[in-house]
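> Residue strings, one per chain:
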Amino acid sequence: MFQPDAIREAFQLFFTPEVFYWMAIGVTVGVGVGAIPGLSAATGIAIMLPLTFTMPVAPALGLLIGLYKGSVYGGSISAISFATPGTSEAAATVYDGYKLMKKGEGRKAVEMALAASVSADTASDLVTIFVAPPLAMVALKFGPAERFWLVVLAFTLIGALSGKHLAKGLISAALGVFLATIGPDPVSAVPRMTFGVWWLTGGIPFIPLMIGLFAISTMLQESIKLLGESKVVEKVKAGIVNGLLKKGAGLTFKEYLRCWKEMLIGLGVGSFVGFLPGLGSTVGAFLSYGVAKQASPEKKIGEGVLEGVAAAEAGNNATVGPTLIPLLAFGIPGSISAALIGAALMLQGATPSPRMFKLYPEIVYALFMILLVANAFNFGIGRIFGRLYARLGLLPKPLLVPLIFTMATIGSFAYRGNPYDVVLALAFGLVGYGMRIGGIPTAPLVISFLITPMMESNLRRALIIAHREWTRALFGSYLSIGLCVATVALTLLSLKLKGAEMIPKEEEKTGGNSG
Amino acid sequence: MKRHSEWLRCNQGIGSVLSLVLIAFLVYLELSPWVHRRVRDGFTLGFFPVLGVVLLLVFSFVLIVDTHRREVPPDLRTFTFKPFAGGILILIATWVYFTIMRKAGFLIATPFYLTFFIYALGLRSWRKCIISAIVMTLIVYGAFTGMGIKLPAGILWGILPF
Numbered sequence: 001m002f003q004p005d006a007i008r009e010a011f012q013l014f015f016t017p018e019v020f021y022w023m024a025i026g027v028t029v030g031v032g033v034g035a036i037p038g039l040s041a042a043t044g045i046a047i048m049l050p051l052t053f054t055m056p057v058a059p060a061l062g063l064l065i066g067l068y069k070g071s072v073y074g075g076s077i078s079a080i081s082f083a084t085p086g087t088s089e090a091a092a093t094v095y096d097g098y099k100l101m102k103k104g105e106g107r108k109a110v111e112m113a114l115a116a117s118v119s120a121d122t123a124s125d126l127v128t129i130f131v132a133p134p135l136a137m138v139a140l141k142f143g144p145a146e147r148f149w150l151v152v153l154a155f156t157l158i159g160a161l162s163g164k165h166l167a168k169g170l171i172s173a174a175l176g177v178f179l180a181t182i183g184p185d186p187v188s189a190v191p192r193m194t195f196g197v198w199w200l201t202g203g204i205p206f207i208p209l210m211i212g213l214f215a216i217s218t219m220l221q222e223s224i225k226l227l228g229e230s231k232v233v234e235k236v237k238a239g240i241v242n243g244l245l246k247k248g249a250g251l252t253f254k255e256y257l258r259c260w261k262e263m264l265i266g267l268g269v270g271s272f273v274g275f276l277p278g279l280g281s282t283v284g285a286f287l288s289y290g291v292a293k294q295a296s297p298e299k300k301i302g303e304g305v306l307e308g309v310a311a312a313e314a315g316n317n318a319t320v321g322p323t324l325i326p327l328l329a330f331g332i333p334g335s336i337s338a339a340l341i342g343a344a345l346m347l348q349g350a351t352p353s354p355r356m357f358k359l360y361p362e363i364v365y366a367l368f369m370i371l372l373v374a375n376a377f378n379f380g381i382g383r384i385f386g387r388l389y390a391r392l393g394l395l396p397k398p399l400l401v402p403l404i405f406t407m408a409t410i411g412s413f414a415y416r417g418n419p420y421d422v423v424l425a426l427a428f429g430l431v432g433y434g435m436r437i438g439g440i441p442t443a444p445l446v447i448s449f450l451i452t453p454m455m456e457s458n459l460r461r462a463l464i465i466a467h468r469e470w471t472r473a474l475f476g477s478y479l480s481i482g483l484c485v486a487t488v489a490l491t492l493l494s495l496k497l498k499g500a501e502m503i504p505k506e507e508e509k510t511g512g513n514s515g
Numbered sequence: 001m002k003r004h005s006e007w008l009r010c011n012q013g014i015g016s017v018l019s020l021v022l023i024a025f026l027v028y029l030e031l032s033p034w035v036h037r038r039v040r041d042g043f044t045l046g047f048f049p050v051l052g053v054v055l056l057l058v059f060s061f062v063l064i065v066d067t068h069r070r071e072v073p074p075d076l077r078t079f080t081f082k083p084f085a086g087g088i089l090i091l092i093a094t095w096v097y098f099t100i101m102r103k104a105g106f107l108i109a110t111p112f113y114l115t116f117f118i119y120a121l122g123l124r125s126w127r128k129c130i131i132s133a134i135v136m137t138l139i140v141y142g143a144f145t146g147m148g149i150k151l152p153a154g155i156l157w158g159i160l161p162f
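Chains as they are written, first to last, in the UniProt record's numbering: chain A, 1 to 515; chain E, 1 to 162.
Any given hint might turn out to be false.
A few chain A residues that don't get close to chain E, going by computed Cβ distances all over 12 Å [what the hints assert, rightly or not]: (1) Glu9; (2) Lys103; (3) Ser188; (4) Trp199; (5) Glu255; (6) Ala350; (7) Leu372; (8) Ile384; (9) Val401; (10) Pro419.
Which chain A residues face chain E? A few, computed with CB under 10 Å, are given here [claimed, not checked]: (11) Leu51; (12) Phe130; (13) Val131; (14) Lys141; (15) Lys164; (16) Ser172; (17) Ile216; (18) Phe272; (19) Met346; (20) Leu347; (21) Arg355; (22) Lys358; (23) Leu359; (24) Pro396; (25) Leu426; (26) Ile464.
Don't read these hints as lab results, they were simulated from the structure. No residue lacks a Cβ here, since even glycine has one placed at the ideal position from N, Cα and C.
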């Protein structure tokens, strides 16, 4: 698996001023996106994705991964500053962070969030680097039947863990299945479900779908809220930020070390949750927070202590690297952000698949380097501009919404220069809005949209090989049977996790759109 | 009437509306000849699309009968049609802007679109709206052209350096 030539090539791809420049831009924009309530990592990546078309692969990955990492941390800034999590993954940070803020220790809380985020993120990236290659080796042994079961396994997790209401998660996943079948049949290449519309014969392109579901639908929801409410500028929040965040002592190294246990819990829980497809960083943060609270009742987590902030932030940032493991090893995205990073790879001609390590090892190694180095950028930029970012949460929505709307419209057009992509993005914006207000999560739709073609083509290939004998096609090897058993076991485990009441209400409120 | 409106907002109402739409769509698909056309591996062309719709129908039906059926999603509780109609207008206006922008050019059409958009969302000073719109247009233009993506120049074609 160790490929010295590929590593050398990866170094060449990675060590360019362009990569560092775009990584810095990505983190800067990401922390800002995270700090603005209503914008998630996925929204930020969806808006930025069209800008990567013209870039070489490494700077494009630097921009998106920097943005992803930055936004997961950035959510904590507004969570601590005014009890409004910038992203759903920072919701668990509110409990202790805001109480610390009220005690006048806001600066300390923000710095703890940053330190815990970066520490857990770096350690979980190392986990990713050590786990993904051996898994990819196993994935190479997979035939169509095994790949089919792997996709089924991903489906069961997505369905079972998409918010509080299982049926809604499954509706979303089924909608993804349906949308994925529009376009050419994978065996005969004959167009289907096009309703006679010529520009649907190639299927629904992923980028307008993403821009519509995340950027346009979020901004549409904000617009509708603004149109319906009285125009009162919230000056109270500005007072909180100016009055409290500026004052107070910073985090000491001793205080940082005192939270080692919570950060370790965050690392373990976050890495595990990140690795499982469909869970996301919000679940990671809440599970880690819950486990830390149970593990050390004497620390009084929940009453405004740094340990609570450390557990939640380590838990959400530790999912960032491992969420890429299923994408790199099996070609299955573990979260929306991973799906978007996968889309960026596709645009660069390196489609994620079980053969990713074999076909594009230099890109995978460059991605590993970016994962690690982006943490240093996250730490530096987050620390220097932390206070400034707290003010971003106060940016007037009447300016922010039109700006993002314009970027989303132009971005969906710039992707292929096809005006119908704008029609699709606007239409999916409306669909996404409907799903949000109906409490239907959008995450299962995205992941099932991406993995359905894999499932269909592998099932059909397996059946062709087994001369249409279903039993032989699906259970023809021990690996297939093992994956089938794992599917059942993981479904039961995920249902148990769901029942543990650690999944936040915010997850459903935000449509399960976390990272 | 009010009770009907309340019921339509709960999960059971959502599930019922979805089920009715999906049944109609399933009938339409069953009547479409392409759905029954066989491809070379023995599957019909419509097998997987119909499977997707059937799954949607099954889960929509589950929404009608499961334990959460009486719950009203929080955002739907406060939903009213007037602001929603405004949202639809924004989508239509965006499409109109996009169509004009392709002919007139990004730098000409975008400040107008943004000015009206900002004003509609609550900033009640035309001067501030216009200045913000121009600044935002330049930010978007700079971001895209900076990445090497050409935006429609329209009537400024040949004048703009990018």
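> Give a verdict on every hint.
A quick look at each hint next to the structure:
1. Glu9: Per Cβ check, glutamate 9(A) is outside 12 Å of chain E; nearest 24 Å; holds.
2. Lys103: Fine: 30 Å to the nearest Cβ keeps lysine 103(A) off the interface.
3. Ser188: Per Cβ check, serine 188(A) is inside 12 Å of chain E; nearest 4 Å; violated.
4. Trp199: holds, 15 Å
5. Glu255: Glutamate 255(A) is indeed farther than 12 Å from all Cβ atoms of chain E, at 37 Å.
6. Ala350: Non-interface label stands for alanine 350(A): nearest chain E Cβ at 19 Å, farther than 12 Å.
7. Leu372: holds, 25 Å
8. Ile384: holds, 22 Å
9. Val401: The claim is violated: valine 401(A) sits with its nearest Cβ about 6 Å from chain E, within 12 Å.
10. Pro419: violated, 7 Å
11. Leu51: holds, 5 Å
12. Phe130: Violated: closest Cβ of chain E sits about 34 Å from phenylalanine 130(A), beyond 10 Å.
13. Val131: violated, 32 Å
14. Lys141: Interface hint status for lysine 141(A): violated (24 Å vs cutoff 10 Å).
15. Lys164: holds, 8 Å
16. Ser172: holds, 9 Å
17. Ile216: holds, 8 Å
18. Phe272: Nearest chain E Cβ about 28 Å off; hint violated.
19. Met346: This interface hint is violated because 18 Å lies over the 10 Å limit.
20. Leu347: violated, 13 Å
21. Arg355: violated, 23 Å
22. Lys358: violated, 27 Å
23. Leu359: violated, 26 Å
24. Pro396: holds, 7 Å
25. Leu426: holds, 5 Å
26. Ile464: holds, 6 Å
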